[in-house]
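Read top to bottom, the protein sequences are chains A and B. Under our numbering, the first residue of the first sequence carries the number 1, and numbering increases by one thereafter. Under our numbering, the first residue of the second sequence carries the number 1, and numbering increases by one thereafter.
Derived from the structure by calculation, the hints contain no laboratory data. Note that beta-carbon positions come from the ideal geometry of N, C-alpha and C, so glycine has one too. A hint or two may mislead.
As the list claims (entries may be wrong) - Non-contacting residues of chain B with respect to chain A, defined by C-beta distances greater than 12 Å in every case (computed):
#	residue
1	GLY91
2	SER106
3	THR127
4	ASP230
5	LEU275
6	LEU330
7	ILE346
8	ALA353
Claimed, not checked - Covered, in the sense of this in silico footprint (three residues per stretch, anywhere, with C-beta under 8 Å from a C-beta of chain A), are these stretches of chain B:
#	region
9	177-191
10	234-244
11	261-269
12	370-379
13	404-417
14	423-434
Said to hold, decoys possible - Quick list of simulated restraints, FRET-style, between CB atoms:
#	chain 1	residue 1	chain 2	residue 2	range
15	A	ASP270	B	LEU421	32 to 40 Å
16	A	ASP210	B	SER80	19 to 27 Å
17	A	ASP270	B	LYS295	44 to 52 Å
18	B	ASP44	A	PHE50	36 to 44 Å
19	A	VAL103	B	SER133	46 to 54 Å
20	A	PHE272	B	ARG334	19 to 27 Å
21	B	ASP44	A	ASP210	51 to 59 Å
22	A	VAL103	B	THR253	38 to 46 Å
23	B	SER416	A	ARG216	49 to 57 Å
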Amino acid sequence: MSNKLRNSSSTHASHDVMTSNLTKRKFNKIFVWLRSQGWRHIVAIAVCVFAGFPILYIFSASLNNRGTLVSSNTLFSSISSDNYYELFHMAQHPYAYWYVNTVVIGLITAAASVFIGALAAYAFSRLRFTGRRIGLLSIIVVQMFPQVLSIVAIYLLLTKLGEIYPFLGINSRIALIMVYLGGAMGVNTYLMYGFFNTIPKEIDEAAQIDGAGHARTFFTIILPLVSPILAVIGLLSFISTVSEYAVASTVLVSPEKQTLAVGMYAFVSDRFSQNWGVFSSGAVLAAIPVVVVFLFLQKYIVSGLTVGAVK
Amino acid sequence: MSKQENIQNKRKRMKKRIVSQVGNNVGANILPIVVKIVLLGMLDAMSLYGAFALLMQHKWVVLGLLLVGTGVINWIYWRSHGLAAKYLAPGIVLLLIFQLFAISYSAYIAFTNYGTGHNGTKEVAITALMQSSLVKKEDSPKYPLSVAKCGADYSFIVQDSEEQLLVGDNTQPLHHIDGTRNADGTIHSSQLQNCKVLNFSQILQDQSAIVSLSVPVSTNPNDGVLRTSDGQTASAYISTFRYDKSSDTMIDTKTHEQYRDNGTGAFVNDAGVALQPGWRVNVGFQNFIRLFTVKELQQPFLRVLLWTIEFSVLSVLTTFILGLFLAITLNDDRMKFRRLYRSILILPYAFPAFLSALVWAGMLNEKFGFINQVVFHGTEIPWLHAPTLAKIAVIVVNLWLGFPYMFLVCMGALQSIPHDLVEAATLDGASRWKIFRYITFPLLLVSVAPLLISSFAMNFNNFNLIYMLTAGGPVQTGSSMNIGSTDILISMVYKIAFVGANRDYGLASAFSIIIFLVVGLVSAISFKATKSLEELN
Numbered sequence: 001m002s003n004k005l006r007n008s009s010s011t012h013a014s015h016d017v018m019t020s021n022l023t024k025r026k027f028n029k030i031f032v033w034l035r036s037q038g039w040r041h042i043v044a045i046a047v048c049v050f051a052g053f054p055i056l057y058i059f060s061a062s063l064n065n066r067g068t069l070v071s072s073n074t075l076f077s078s079i080s081s082d083n084y085y086e087l088f089h090m091a092q093h094p095y096a097y098w099y100v101n102t103v104v105i106g107l108i109t110a111a112a113s114v115f116i117g118a119l120a121a122y123a124f125s126r127l128r129f130t131g132r133r134i135g136l137l138s139i140i141v142v143q144m145f146p147q148v149l150s151i152v153a154i155y156l157l158l159t160k161l162g163e164i165y166p167f168l169g170i171n172s173r174i175a176l177i178m179v180y181l182g183g184a185m186g187v188n189t190y191l192m193y194g195f196f197n198t199i200p201k202e203i204d205e206a207a208q209i210d211g212a213g214h215a216r217t218f219f220t221i222i223l224p225l226v227s228p229i230l231a232v233i234g235l236l237s238f239i240s241t242v243s244e245y246a247v248a249s250t251v252l253v254s255p256e257k258q259t260l261a262v263g264m265y266a267f268v269s270d271r272f273s274q275n276w277g278v279f280s281s282g283a284v285l286a287a288i289p290v291v292v293v294f295l296f297l298q299k300y301i302v303s304g305l306t307v308g309a310v311k
Numbered sequence: 001m002s003k004q005e006n007i008q009n010k011r012k013r014m015k016k017r018i019v020s021q022v023g024n025n026v027g028a029n030i031l032p033i034v035v036k037i038v039l040l041g042m043l044d045a046m047s048l049y050g051a052f053a054l055l056m057q058h059k060w061v062v063l064g065l066l067l068v069g070t071g072v073i074n075w076i077y078w079r080s081h082g083l084a085a086k087y088l089a090p091g092i093v094l095l096l097i098f099q100l101f102a103i104s105y106s107a108y109i110a111f112t113n114y115g116t117g118h119n120g121t122k123e124v125a126i127t128a129l130m131q132s133s134l135v136k137k138e139d140s141p142k143y144p145l146s147v148a149k150c151g152a153d154y155s156f157i158v159q160d161s162e163e164q165l166l167v168g169d170n171t172q173p174l175h176h177i178d179g180t181r182n183a184d185g186t187i188h189s190s191q192l193q194n195c196k197v198l199n200f201s202q203i204l205q206d207q208s209a210i211v212s213l214s215v216p217v218s219t220n221p222n223d224g225v226l227r228t229s230d231g232q233t234a235s236a237y238i239s240t241f242r243y244d245k246s247s248d249t250m251i252d253t254k255t256h257e258q259y260r261d262n263g264t265g266a267f268v269n270d271a272g273v274a275l276q277p278g279w280r281v282n283v284g285f286q287n288f289i290r291l292f293t294v295k296e297l298q299q300p301f302l303r304v305l306l307w308t309i310e311f312s313v314l315s316v317l318t319t320f321i322l323g324l325f326l327a328i329t330l331n332d333d334r335m336k337f338r339r340l341y342r343s344i345l346i347l348p349y350a351f352p353a354f355l356s357a358l359v360w361a362g363m364l365n366e367k368f369g370f371i372n373q374v375v376f377h378g379t380e381i382p383w384l385h386a387p388t389l390a391k392i393a394v395i396v397v398n399l400w401l402g403f404p405y406m407f408l409v410c411m412g413a414l415q416s417i418p419h420d421l422v423e424a425a426t427l428d429g430a431s432r433w434k435i436f437r438y439i440t441f442p443l444l445l446v447s448v449a450p451l452l453i454s455s456f457a458m459n460f461n462n463f464n465l466i467y468m469l470t471a472g473g474p475v476q477t478g479s480s481m482n483i484g485s486t487d488i489l490i491s492m493v494y495k496i497a498f499v500g501a502n503r504d505y506g507l508a509s510a511f512s513i514i515i516f517l518v519v520g521l522v523s524a525i526s527f528k529a530t531k532s533l534e535e536l537n
């Protein structure tokens, strides 16, 4: 009986050893996976939560029908479009105007500054002229000093300019675009210059031998080749124009001429927690187009950001 | 015969070819020229229009600059060589006006007292002072008055004791004209072509505008003005101040106190009381001296300067470290879902920044925000209202905003590092850490360093984040300046210049100049240290 017991216990023990070996091996496998791959997923997921949560939160707040700050804390507790309806029916705050203003100002600024930057980058990359190196250096220096620094001077300058050209004074959207374009050369040229340099010179030399003039070479050969970087810089310039507050708030005075950044800040800081739901819906609508385009172009953005720095 | 025919045919064909070639060339070349003519024509028309406006306003210096500028642009585009200038001109013109001129104009304003109460010239200030202290002249007769609308403005037409007609408006003092005035108030005059005399009901309609008119009697402000209370008769009003031109003093006729121009852009009496408004003058280094000596300014200024540097250094470090760590984490070809992760990770970069700051301001709200209500179960932690916590909140939110950019940049830099270097080191038995420390990191830094410097410069002026998240607060109690613990230099500039009743453009510009110096110095040193500009050619 004792034998039996011993036997069974010994078989039991050997069984134990086997299973523990198995779990050990399993454990080892998990450990190896964790060391080589798993930790990467853990880190990535943790940071994704950090990155994505505020956006998830604002989306849920925009659907909340009570529309206050405190009611937004339970995510997706109610789903309604009340805030979105309210957003377009505010007497003092013309959201639709802000939206259109922002998109129009953003698109024109982006397109024009890409064009200005491309012209300058072409000259720096392809033409040899006196003052070229100094020019490039000064552009790098100038881009260290954003326009917001001379905001007082810009305000006074536009006040004076309005006395000569009424459509370029304070409270003019064209004036705001012009001010933004003043910064275009400094910000974009160097980035584009790096990219223009990666396109072999033989291509435009060949075109010129075939009889194409400089303008034709630029518009029909170089521009299509650099279109990825143009898209990236256009998008980045659009995003920064959309977000710009300081200059826009000093230039644009009347509500129906303001941009989203100016209007929505005034709106939400007015009565913070009561206006939260409506603000959220406005934020979601404002962000969707930018985020979607950004995600679509992300491959180009990655290459565009690094090309300026990495050779 | 047939030979001749042949030759003729050949000639014809050649002619055709030449004609068609010329035609093609014309077709190809005409578009650029048309575009050029249209664009330059528009520009010249704009300049011409501006030139006339400037001519009318007697602004000769600006007029000269405008004409020279337009001339240079035309010259650049019409001459046949100088290709580079043609490509650079559009950017450079805008850069000159809205960036370089704006910078030098800031520098100029920094040496003036421009701001509330010091907006215009001395003449404007004198007129404004006198207008603000008008009292009815006790022995004033009642002049028969007609009100006329000339263009958009109202004018007074009065009759003096010799039955002569006088006309004037808010800006133009009374002057004689020919004509007669009828008993019913209508005027017959050949000199008032574009004026329309108002009847009683029209006067009633615009009563408030007419009652607020004050028409100077003469070019000497001491003579007073005419005003009306009923639109039918005008009375003389005189200021309680008298301006003495020879001694350049303003005299209060009631108290006989004298206010002198002491060179600071205002009339000041012996007790040091200044009359408002003053006017704009150059004050030399006064604004800068105030920053370092006036106690009310000096302490906040130094505190803000220190915090601005702390903020930008910490911002670059935190975003770079997290970005690099993530890039290393995701830089493994065997890893699954990499594209999905990357799409989520760059969301903060795609989300418009002003909205992000406001969303975080909501989440960090002390009473109702998500962080306190849900994460800390209702504890009211003053994230944005206690100095140190607010600073931490600003850094964390900026980390959220900024790490995706660093992540993308580091990812690109890592992938461009040659594989064989790492492989060789692995074969030599170097540990993972050693490979990173001595090979990957130095190579990465070479390409990323310039971006770190510009990121520093950008965060130095990260106005949006500060202004939207904390508005620079919390403001310390007891300080008269509206400057808080998280204010950086640029948000301070904005507040001094545009927020509140007292706008001080001079002081704000002085701050801007200091930012220029700091950013310039830091960039110069770091560019020099990284030698990143030397390979530029």
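Verification of the supplied hints:
1. For GLY91 of chain B, the condition that its CB be more than 12 Å from all CB atoms of chain A is violated, with the nearest at approximately 4 Å.
2. Chain A draws SER106 of chain B into its interface by the beta-carbon criterion, the shortest separation being 4 Å against a cut-off of 12 Å.
3. For THR127 of chain B, the non-interface assignment is confirmed: its Cβ lies about 19 Å from the closest Cβ of chain A, beyond the 12 Å cut-off.
4. Every CB of chain A lies more than 12 Å from the CB of ASP230 of chain B, the least distance being 35 Å, so the non-interface label holds.
5. The Cβ of LEU275 of chain B sits about 24 Å from the closest Cβ of chain A, beyond the 12 Å cut-off, so the non-interface label holds.
6. Non-interface call for LEU330 of chain B relative to chain A: violated, since the shortest CB-CB distance, roughly 6 Å, does not exceed 12 Å.
7. Against the 12 Å criterion, ILE346 of chain B falls within the reach of chain A, whose nearest CB is about 6 Å from its own CB.
8. Distance to chain A contradicts ALA353 of chain B as a non-interface residue, since its nearest Cβ pair spans about 4 Å, not more than 12 Å.
9. Chain A is given as covering the region 177-191 of chain B, and this is violated because 0 residues of the stretch bring a CB closer than 8 Å to a CB of that chain, at least three being needed.
10. Remark: the region 234-244 of chain B is not confirmed as covered by chain A, as 0 of its residues place a Cβ nearer than 8 Å to a Cβ of that chain, below the required three.
11. Residues of the region 261-269 of chain B with a Cβ under 8 Å from some Cβ of chain A number 0, which does not satisfy the need for three, so the listed coverage is violated.
12. For the region 370-379 of chain B, the stated coverage by chain A holds: 3 residues have a C-beta nearer than 8 Å to a C-beta of that chain, and at least 3 were required.
13. Restraint check on the region 404-417 of chain B versus chain A: 8 residues with Cβ-Cβ distances below 8 Å, three needed, restraint holds.
14. For the region 423-434 of chain B, the stated coverage by chain A is violated: 0 residues have a C-beta nearer than 8 Å to a C-beta of that chain, whereas at least 3 were required.
15. Taking 32 to 40 Å as the suggested C-beta distance range, the pair ASP270 of chain A and LEU421 of chain B does not conform, at roughly 57 Å.
16. At roughly 21 Å, the beta carbons of ASP210 of chain A and SER80 of chain B sit within the given window of 19 to 27 Å.
17. For the pair ASP270 of chain A and LYS295 of chain B, the supplied restraint of 44 to 52 Å is violated, since their beta-carbon distance comes to about 35 Å.
18. Between ASP44 of chain B and PHE50 of chain A the CB atoms are about 56 Å apart, so this pair departs from the stated range of 36 to 44 Å.
19. For the pair VAL103 of chain A and SER133 of chain B, the beta carbons lie near 51 Å from each other, so the given range of 46 to 54 Å is met.
20. Separation of PHE272 of chain A from ARG334 of chain B is about 47 Å and departs from the stated range, judged on CB atoms against 19 to 27 Å.
21. Checked against the given bound of 51 to 59 Å, the beta carbons of ASP44 of chain B and ASP210 of chain A, roughly 35 Å apart, lie outside it.
22. For VAL103 of chain A paired with THR253 of chain B, a C-beta distance near 60 Å fails the hint of 38 to 46 Å.
23. Taking 49 to 57 Å as the suggested C-beta distance range, the pair SER416 of chain B and ARG216 of chain A does not conform, at roughly 34 Å.
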